[in-house]
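**Student:** Let's have the full structure, built from the sequences with the hints guiding it.
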Amino acid sequence: MNFEESLQNEMPVSYSNMLSGKTLAPLNNVAKSGRFDAFEQAYDSYHKRLESERRNFNNSLSQIIGRRDARVREENDADRRRREKAEHCRFVCIEWIKTLAFNIPTIFLFVVSLILLSSPETILEHIHFGWIIGVYVTAFFLSMVVGGVVVGKSNHYGDSYEFVKQRCAIMIAVAFAFIVLMGLGLGLAPTSLLYGV
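In this note's numbering, the protein residues as written are 1 to 197.
No lab work stands behind these hints: they were computed from the structure. A portion of the hints provided could be inaccurate.
Stated by the list, open to error - Simulated pairs of lysine-lysine, PhoX-like, Cα-Cα distance not exceeding 20 Å:
hint, residue 1, residue 2
1, Lys153, Lys165
2, Lys165, Lys98
3, Lys98, Lys153
**Tutor:** So, in structure tokens, the structure goes:
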């Protein structure tokens, strides 16, 4: 027995079957190349799906960004409206304080006129009626002049122009009221109080 025969006797059965050609081939089917147009169609549909997904993702992202920007704009607008409202309230309060301060002299003379009309003896016992007439006539003309000058010289396009007109109108109306009340108070006062007789 030679070396080749002794080696064949000692080898396992699977190897001897392989050597003799009795073992089945591992791949029964022979690979065939597919059609190129099927591959091309699958490739195109894959890329179309990817493009569609990309568009959907970008559209979703654009909507998210748009909603966020709209929310930020609304918050900024709300903050701006709150600031404008607070500034407007502060502006109105300051203008009303100015109106009251501007009209203190005419309001004071109006109150004195009411006292003169209701109880003339409290004033005429201490002050001569000539001084009262002089002060009231002077204050009346000063109110007219100051009201006209302030309205004429103020900025007609400013925010406070309406308040300027308002405070001047109040001053002129109160001046008319106190001059009328002063006239009535002195006219209705007893002559003994006026002339000290």
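**Student:** Now tell me if each hint is right for this structure.
**Tutor:** Each hint, compared with the structure:
As the CA atoms of Lys153 and Lys165 are separated by approximately 11 Å, the hinted pair is consistent with the 20 Å bound. A distance of roughly 12 Å separates the Cα atoms of Lys165 and Lys98; the hinted pair therefore holds under the 20 Å criterion. Restraint check for Lys98 and Lys153: the C-alpha separation of about 17 Å stays at or below 20 Å, so the hint holds.
Consistency with the previously given hints is maintained throughout, with no hint failing.
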